[in-house]
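Generate coordinates for the entire structure from the input sequences, incorporating the hints supplied.
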Amino acid sequence: MADEFIKGLGIFTGAGLAWMVLASWYQTESFGSTNQLIAAPPEPANLFDALAIGMIDVLLWFALLGALTFWVLIPAGREARTAYRNRRSN
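Residues 1 to 90 in the UniProt record's numbering are what the sequence shown spells out, letter by letter.
I should point out that these hints are in silico values taken from the structure, not numbers from a laboratory.
Remember, it's a predicted structure, so these values are computed and weren't measured experimentally.
Even for Gly, the Cβ is constructed at its ideal location relative to N, Cα and C.
Keep in mind that a hint or two might mislead.
[As the list claims (entries may be wrong)] Pair ranges (Cβ atoms, derived):
id, residue 1, residue 2, range
1, A2, F48, 36 to 46 Å
2, N86, N46, 55 to 65 Å
3, L17, A50, 17 to 27 Å
4, G14, T34, 21 to 31 Å
5, S89, A2, 25 to 35 Å
6, F5, A39, 25 to 35 Å
7, T34, E79, 40 to 50 Å
8, A2, A39, 35 to 45 Å
As structure tokens, this is what we get:
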């Protein structure tokens, strides 16, 4: 169980940090505004801007779904498999 927790935490912190860096570069109009990290991104000027702007959403969803997978879905699946085996053996 600790192994799944640390994998989920690593995915959450790594992808979350990368998301915050890219979102702060491309989606913060000014630091005095109230819509930091969620403003509409600008038009990409080159290929690297286009890749980075595309990766913002990918990293956010990877952080959320990766943590959910390792913290909820895998342990729930193991518990369900154990319950099924115990029920089947009785």
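For each hint, the structure was consulted:
1. Evaluation of the 36 to 46 Å hint for A2 and F48 yields a pass: the beta carbon distance comes to about 38 Å.
2. Evaluation of the 55 to 65 Å hint for N86 and N46 yields a pass: the beta carbon distance comes to about 58 Å.
3. Taking 17 to 27 Å as the suggested C-beta distance range, the pair L17 and A50 conforms, at roughly 21 Å.
4. Evaluation of the 21 to 31 Å hint for G14 and T34 yields a pass: the beta carbon distance comes to about 28 Å.
5. Checking the proposed 25 to 35 Å range against S89 and A2 shows it holds: the Cβ atoms sit about 27 Å from each other.
6. A hinted range of 25 to 35 Å holds for the C-beta pair F5 and A39, which are about 34 Å apart.
7. In this structure the supplied range 40 to 50 Å holds for T34 paired with E79, their Cβ-Cβ distance being about 42 Å.
8. With their beta carbons about 39 Å apart, A2 and A39 fall inside the hinted range of 35 to 45 Å.
Of the numbered hints listed earlier, not one is contradicted by the structure.
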